[in-house]
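Number of protein chains: 2
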Amino acid sequence: PHAPRTISSKAHSAPYPDRTHSCGSLSPDNAGQRVILAGWILPERKMKTIGKSFYHLKDSYGTTQLLVDHAQGDSYNTLLQVPVESTVLIEGVVELRPIDARKLGNTGAVDVLVDRVTLLNAATPDMPFLPSNPHNLPNEELRARYRYLDLRRSALSENIKKRSQVAHIVRNVLHGLDFTEVETPALLRSSPEGAREFLVPARNPASSDPTQGSQRQPVFYALSQSPQQPKQLLICSGGVDRYFQIAKCFRDEDGRKDRQPEFTQIDLEMAFVSWGKNQPPSPSSADETNVWRIGGYQVRQVVEKLVRKIWKEVQGIELPETFRVMTYYEAMTRFGSDKPDTRFGLEILNLSDLLPHVSDVSSASSDVILECIVVRKSGDSAFIKASHTSGGDASTEHITLTDATRKTWLLESKAASHVYPDMNSEDQTIVNKALKLKAGDDIWLSYRPRVPTGGSTALGKARLQIFERAQSRGDYIVTKDPHFLWITEFPLFTRDDADKEHLAHGRWSSSHHPFTAPMWQDIDALYRGEAEKVRGQHYDLVLNGVEIGGGSVRIHDSAMQDLIFTHILKLDDTEKFPFNQLLHALQCGAPPHGGIALGFDRIMAILCNTSSIRDVIAFPKSASGTDLLFKSPASVSRQVLEEYGIQPQQ
Amino acid sequence: PHAPRTISSKAHSAPYPDRTHSCGSLSPDNAGQRVILAGWILPERKMKTIGKSFYHLKDSYGTTQLLVDHAQGDSYNTLLQVPVESTVLIEGVVELRPIDARKLGNTGAVDVLVDRVTLLNAATPDMPFLPSNPHNLPNEELRARYRYLDLRRSALSENIKKRSQVAHIVRNVLHGLDFTEVETPALLRSSPEGAREFLVPARNPASSDPTQGSQRQPVFYALSQSPQQPKQLLICSGGVDRYFQIAKCFRDEDGRKDRQPEFTQIDLEMAFVSWGKNQPPSPSSADETNVWRIGGYQVRQVVEKLVRKIWKEVQGIELPETFRVMTYYEAMTRFGSDKPDTRFGLEILNLSDLLPHVSDVSSASSDVILECIVVRKSGDSAFIKASHTSGGDASTEHITLTDATRKTWLLESKAASHVYPDMNSEDQTIVNKALKLKAGDDIWLSYRPRVPTGGSTALGKARLQIFERAQSRGDYIVTKDPHFLWITEFPLFTRDDADKEHLAHGRWSSSHHPFTAPMWQDIDALYRGEAEKVRGQHYDLVLNGVEIGGGSVRIHDSAMQDLIFTHILKLDDTEKFPFNQLLHALQCGAPPHGGIALGFDRIMAILCNTSSIRDVIAFPKSASGTDLLFKSPASVSRQVLEEYGIQPQQ
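Residue numbers (this note's numbering), protein chains in the order written: chain A, 56 to 705; chain B, 56 to 705.
No lab work stands behind these hints: they were computed from the structure.
Any given hint could be a false lead.
To be verified - Listing some non-contacts, in silico: residues in chain A with all C-beta distances to chain B over 12 Å:
#1 D155
#2 H190
#3 N194
#4 D552
To be verified - Taking lysine to aspartate or glutamate and the EDC-like style, the derived pairs with C-alpha atoms no more than 16 Å apart in a straight line are:
#5 K686(B) - E630(A)
#6 K65(B) - D579(A)
#7 K217(B) - D233(A)
#8 K686(A) - E630(B)
#9 K216(A) - D233(B)
#10 K65(A) - D617(B)
#11 K535(A) - D422(A)
#12 K488(A) - D458(A)
#13 K631(B) - D617(B)
#14 K217(A) - D233(B)
#15 K516(B) - D448(B)
#16 K332(B) - D129(A)
#17 K65(A) - D627(B)
#18 K332(A) - D73(B)
#19 K107(A) - D129(A)
#20 K65(B) - D617(A)
#21 K555(A) - E630(A)
#22 K216(B) - D554(A)
What the hints assert, rightly or not - A few chain A residues that face chain B, going by a derived Cβ cut-off under 7 Å, partial list only:
#23 A66
#24 S115
#25 T142
#26 L151
#27 P153
#28 L243
#29 R244
#30 V274
#31 Q283
#32 P285
#33 W330
#34 W575
#35 L638
#36 A640
#37 G700
#38 Q702
Please read these numbers as outputs of a predicted model, since none were measured by experiment.
The beta carbon of each residue, even a glycine, is placed where N, CA and C say it ideally should be.
Hey, can you work out the whole structure from these sequences and the hints?
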């Protein structure tokens with residue numbers, strides 16, 4: 056109806072008037088007004104009795120119902136011919152709906168009586184699927200290929216908008232706290248091992264050197280796995296006191312579920328972090344729970360402020376002023392996990408503590424403890440059926456007590472006999488009494504090294520399995536209150552991380568990264584070389600059993616950093632090379648500093664109540680790293696590779 | 056003085072108290088207060104007469120003067136032994152300075168009388184350079200190696216902070232205008248040509264397929280050169296109506312001055328952009344200047360609002376409500392540049408317009424025009440000396456008029472004779488009269504094709520050369536008012552872009568990118584295949600002769616997009632392959648849309664009044680793409696390369 060369409064062109068490419076409103080903005084206040092809307096047209100509902108048809112017009116702000124009189128020949132005919140999901144521009148007058156036809160929401164009380172329709176762009180009648188029909192969606196792979204249609208679904212686009220909202224809250228809070236956002240390089244240096252990092256071939260400037268002849272060596276950047284070194288160097292510079300970045304990071308981890316080759320961190324670093332106003336807690340506090348005994352007090356404050364603000368604005372939930380704190384030791388002992396889900400009970404009980412006389416005589420038991428979970432028929436009724444039907448794994452024993460087995464279960468247990476071969480029926484009685492066991496109770500039994508290592512124990516896994524089964528059975532409805540938790544005082548070094556072993560080759564590894572400062576109480580042990588005794592000033596932030604962030608106070612002493620590289624981790628010069636600038640920066644008046652990185656994708660998945668981070672990323676890759684939309688990765692011509700001095704392997 | 060330092064550790068790693076203030080926050084209001092500060096210690100100034108010493112303590116917020124009484128043995132002795140640039144924690148009492156010793160700024164009116172000093176981290180006495188001494192800085196290369204020291208200089212750290220401030224203004228403005236910030240992938244698909252893009256080798260999932268044997272083909276992602284396709288697909292989805300992103304982009308352009316392999320764009324895209332409220336301007340407006348005749352009206356509005364807000368907040372400058380608009384044709388004709396610097400005159404004059412009778416008879420002249428710049432001895436006195444001493448290049452003729460040459464300069468000109476071999480002295484008189492020439496005036500003369508192509512003409516370059524010379528001579532002081540300017544109505548296709556020719560191989564190239572919509576008035580010409588006649592709905596934003604952004608209304612008609620790929624650009628199927636998903640998205644009800652990308656680094660360089668974008672990037676690379684701090688790019692072991700199925704070229 057407006058400027059004439061050019062004949063040879065299929066879509067409307069000539070001028071057309073501006074929208075006056077979005078499809079989500081009309082309300083009864085607009086009744087009687089003439090409006091222009093643009094959006095996607097959804098299927099017709101014909102009302103033959105009144106000679107009219109209803110259409111929904113949808114844009115990213117909402118949906119408005121259109122009313123077209125069949126007598127309005129031009130408009131109705133245009134709409135009749137328009138395939139669903141085409142974009143149209145309509146003009147008409149806003150009408151109040153009859154009271155009984157009003158629906159909830161802004162636009163639910165009005166229709167637009169259309170008198171003019173311009174087809175802006177016809178959709179093919181051959182759409183791979185109709186995003187407006189959420190009850191008939193194809194599988195995830197097909198939707199990934201046509202992500203531009205999947206994103207038209209409100210459920211997905213709401214996630215993308217919420218992500219933008221949260222990112223802006225983060226920035227507002229941090230700018231308000233005097234943070235400076237600094238972009239650090241994505242193109243960094245490849246480290247000698249090259250594990251988990253993506254390489255980026257670069258043209259070698261030296262290769263144009265004729266004296267090099269055919270010996271030119273290809274060179275590479277590596278994509279930043281995290282801004283760890285740049286942000287530490289930035290804080291060492293003193294150029295900014297408080298740094299943050301919502302940073303894109305890259306890791307080449309194939310085969311990990313729900314990981315993306317590129318992901319986003321909320322990354323912070325602060326100079327002059329300390330132990331806070333009540334510093335440091337007295338040594339006696341070591342026995343107390345819920346005490347922050349390490350440095351990085353200011354990081355904790357900032358993160359709690361930030362998280363509280365997000366949950367308030369997005370979820371309408373008021374979180375506590377400070378989050379609960381638990382040491383790694385306590386978390387492993389009570390929950391069998393370094394990211395415990397504290398929304399439910401089923402805590403782990405230490406049986407060795409009940410059998411001191413036994414452990415005194417057996418040397419085998421001194422560095423091993425026996426522990427159990429009791430699922431009580433009466434007290435844990437929501438879990439008991441899930442427990443009955445849970446399998447556990449080879450390292451746990453699962454016993455359902457009967458009146459008959461009550462007196463012998465411990466004596467007959469393989470796990471208990473392994474740890475305490477000399478047990479007798481008196482011990483059985485002591486344990487039964489202490490645990491207040493009854494017939495019908497379920498017992499999960501296992502043993503483990505006394506000093507906890509790694510991320511979880513056998514009973515920690517069994518505990519989660521029972522919980523998940525109880526939930527999926529519908530027996531247990533978990534609280535909606537988010538359980539935030541700080542885990543602190545991790546061991547600084549580990550030999551138990553399979554992911555790190557292929558680089559460590561039997562040497563110590565850093566539990567998190569080699570820049571984490573030891574607890575100051577453990578510095579002497581560090582200098583004595585007793586790596587296993589050193590706890591780090593590391594903190595993980597855990598939400599409902601999911602680690603959503605981790606950070607630490609960093610080492611600012613170059614001698615200490617060098618000692619760890621050289622004498623604990625036993626790095627050779629090639630391995631140390633990528634850290635040389637950091638060591639030197641520490642020598643040039645580096646301030647004490649610390650920071651944290653929060654997993655933005657994972658936080659968004661929790662806020663959007665979805666189990667997959669692909670639902671909160673506009674254009675994600677599949678679990679195998681394949682991009683089904685853009686069809687990448689893809690092969691490249693030999694000629695292009697030659698510019699970088701590389702070729703396919705032969 | 057606080058918790059004892061561990062002997063074996065060089066830096067202070069034990070608890071210490073919080074700062075009460077930053078070094079930039081004290082004022083006379085704090086007089087008499089006991090404070091704790093932390094920062095970098097600068098050289099001593101000893102006042103023997105009063106038995107005291109002054110030190111400056113600096114942190115990223117500012118500098119506070121410390122006063123230490125030599126009688127305060129412990130504190131003074133500690134400070135005496137502390138190397139410059141060490142980090143220290145001091146305690147003391149704020150004192151008002153004597154009136155005659157007060158300086159400007161927050162902290163200039165107070166000292167802190169120090170009574171306690173804790174050395175947090177000693178700097179090496181062997182610093183590569185002292186950032187606190189800006190008058191004695193080493194060369195840029197050395198400073199790049201020790202960027203963590205260079206960033207300690209206030210000049211540099213202020214730039215980094217201003218960058219953060221501007222990014223936050225951008226986000227606040229755009230969120231306020233209902234934009235959604237969406238992260239698009241950095242890892243995209245490599246296109247068949249692979250020009251200018253960085254490759255990222257990926258593990259080939261197919262390579263674990265045993266049936267492939269040794270024929271496994273290496274595969275690659277490509278780093279995003281810009282979010283162009285993802286953002287268009289996002290808008291085509293309808294999931295968001297207005298997208299933005301402060302986006303990291305990657306281009307492998309070696310040898311370009313002041314370019315970085317990774318750089319940052321402020322990237323926008325909007326659905327349903329149109330011609331605005333007064334759409335479209337009447338055809339007669341084609342002769343008027345300062346008229347926006349293309350679509351994308353909303354993009355223009357948003358960008359002007361954004362830029363006005365930045366200049367207001369950061370520079371305190373109130374920019375006009377709307378920026379000047381100039382067509383490409385006008386810009387090339389009057390200024391010889393598609394990014395004209397309009398802060399000064401020296402406009403180009405068309406001599407062919409003065410000689411219609413000549414051009415009527417000469418067929419050679421019909422597609423060539425003769426033009427000149429006149430630098431007037433009296434009117435352009437600031438430029439005349441610069442003009443006298445400017446060289447020009449082979450394609451310009453430079454004549455300084457004398458009374459003698461006044462009557463023959465045109466007749467004797469090689470350029471004029473080339474275009475108008477039949478000229479006579481009457482023509483000379485006509486031109487002299489029209490130009491009001493006087494002895495002492497400088498004339499720059501050149502000819503060019505009547506239809507302008509490319510980014511600049513010979514006289515456009517000469518004009519800039521004269522301007523720059525006049526500035527560096529100190530003859531001309533350019534206005535501080537920023538001159539913002541939109542350039543519109545560019546030719547949609549070009550054969551004159553050397554950068555594109557290596558892919559085009561003699562075919563037409565898109566002047567900007569193949570997604571730009573033609574002006575609707577030129578669609579018929581497009582469908583007739585008259586590529587040279589088609590102007591695009593492209594707009595560049597120019598500031599003081601620097602292009603700071605560019606964008607366009609995009610094609611939303613898949614048939615038109617396909618026509619351009621296939622019949623104008625003559626892409627083969629392999630070349631078209633990376634665009635297939637966009638073509639399909641256009642078929643699925645894509646809305647009309649348009650957007651822009653602003654060069655954030657360049658805008659920041661202008662706002663920070665520096666000529667190098669390296670001064671506004673925390674960790675830049677050198678012009679050759681080398682990172683002197685992180686020592687990248689670097690070589691990688693064969694073993695790592697094998698995981699990606701590649702090896703060094705043999």
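Status of each hint after checking the structure:
Consistency note on D155(A): stated as away from chain B, and its beta-carbon is indeed over 12 Å from all of that chain's, at 31 Å minimum. Consistency note on H190(A): stated as away from chain B, and its beta-carbon is indeed over 12 Å from all of that chain's, at 19 Å minimum. Distance check on N194(A): its Cβ is at least 18 Å (rounded) from any Cβ of chain B, clearing the 12 Å threshold; non-interface status holds. For D552(A), the condition that its CB be more than 12 Å from all CB atoms of chain B holds, with the nearest at approximately 21 Å.
A hinted pair counts as satisfied when its Cα atoms are at most 16 Å apart, and K686(B) with E630(A) qualifies at roughly 14 Å. Restraint check: the Cα-Cα separation between K65(B) and D579(A) comes to about 13 Å, which is no more than 16 Å; the hinted pair holds. As the CA atoms of K217(B) and D233(A) are separated by approximately 13 Å, the hinted pair is consistent with the 16 Å bound. A distance of roughly 14 Å separates the Cα atoms of K686(A) and E630(B); the hinted pair therefore holds under the 16 Å criterion.
Taken as a hint, the K216(A) and D233(B) pair is honoured in the structure, with Cα atoms around 10 Å apart against an allowance of 16 Å. Pair hint K65(A) plus D617(B) holds up; C-alpha atoms about 11 Å apart against a cutoff of 16 Å. Of the supplied pair hints, the one linking K535(A) and D422(A) is violated, its CA atoms being roughly 39 Å apart against a limit of 16 Å. Taken as a hint, the K488(A) and D458(A) pair is honoured in the structure, with Cα atoms around 14 Å apart against an allowance of 16 Å.
Simply put, K631(B) and D617(B) have alpha-carbon atoms about 9 Å apart, close enough for the 16 Å limit, and the pair holds. With a C-alpha separation of about 13 Å, the suggested pair K217(A) and D233(B) falls inside the 16 Å cut-off, and the hint holds. Between K516(B) and D448(B), the direct Cα distance comes to roughly 9 Å. Compliance with the 16 Å bound is thereby established for this hinted pair. A threshold of 16 Å between alpha carbons decides the hint, and for K332(B) with D129(A) the separation of about 25 Å lies outside it, so the pair is violated.
With a C-alpha separation of about 23 Å, the suggested pair K65(A) and D627(B) falls outside the 16 Å cut-off, and the hint is violated. Only pairs whose Cα atoms come within 16 Å are accepted, and K332(A) paired with D73(B) is accepted, the gap being roughly 6 Å. A distance of roughly 14 Å separates the Cα atoms of K107(A) and D129(A); the hinted pair therefore holds under the 16 Å criterion. The suggested pairing of K65(B) with D617(A) holds, with an alpha-carbon distance near 11 Å, which does not exceed 16 Å.
As the CA atoms of K555(A) and E630(A) are separated by approximately 14 Å, the hinted pair is consistent with the 16 Å bound. Between the alpha carbons of K216(B) and D554(A) the distance comes to roughly 38 Å, so the proposed pair goes past 16 Å and is violated. With a cut of 7 Å, the hint placing A66(A) at the interface with chain B holds, because the nearest CB-to-CB distance is about 4 Å. Because the beta carbon of S115(A) sits about 4 Å from the nearest beta carbon in chain B, less than 7 Å, this interface hint is met.
Because the smallest distance between the Cβ of T142(A) and any Cβ of chain B comes to about 5 Å, under 7 Å, the interface hint for this residue holds. Using the Cβ-Cβ criterion of 7 Å, the hint placing L151(A) at the interface with chain B is not satisfied: the shortest such distance is roughly 26 Å. Annotation: P153(A) was flagged as interfacial toward chain B, and the flag is violated, the nearest CB pair being 30 Å apart, outside 7 Å. With its C-beta approaching chain B no nearer than about 6 Å, L243(A) sits inside the 7 Å limit, and its interface hint holds.
The criterion of a C-beta within 7 Å of any C-beta in chain B is met by R244(A), whose closest approach is roughly 4 Å, and the hint holds. Evaluation of the V274(A) hint against chain B yields a held restraint, the C-beta minimum of about 4 Å falling below 7 Å. A least Cβ separation of about 12 Å between Q283(A) and chain B goes past the 7 Å threshold, and the interface hint is therefore violated. Given hint, P285(A) at the interface with chain B, holds; its Cβ is 6 Å from that chain's nearest Cβ, closer than 7 Å.
Interface hint status for W330(A): upheld, as the beta-carbon distance to the closest one in chain B is roughly 4 Å, under 7 Å. Checking W575(A) against chain B: minimum C-beta separation of about 5 Å stays under 7 Å; hint holds. The criterion of a C-beta within 7 Å of any C-beta in chain B is not met by L638(A), whose closest approach is roughly 11 Å, and the hint is violated. For A640(A), the interface hint holds, the least distance from its beta-carbon to any beta-carbon of chain B being 4 Å, beneath 7 Å.
Annotation: G700(A) was flagged as interfacial toward chain B, and the flag holds, the nearest CB pair being 5 Å apart, inside 7 Å. Interface hint at Q702(A): satisfied, since its Cβ lies 5 Å from the closest Cβ of chain B, which is below the 7 Å cut-off.
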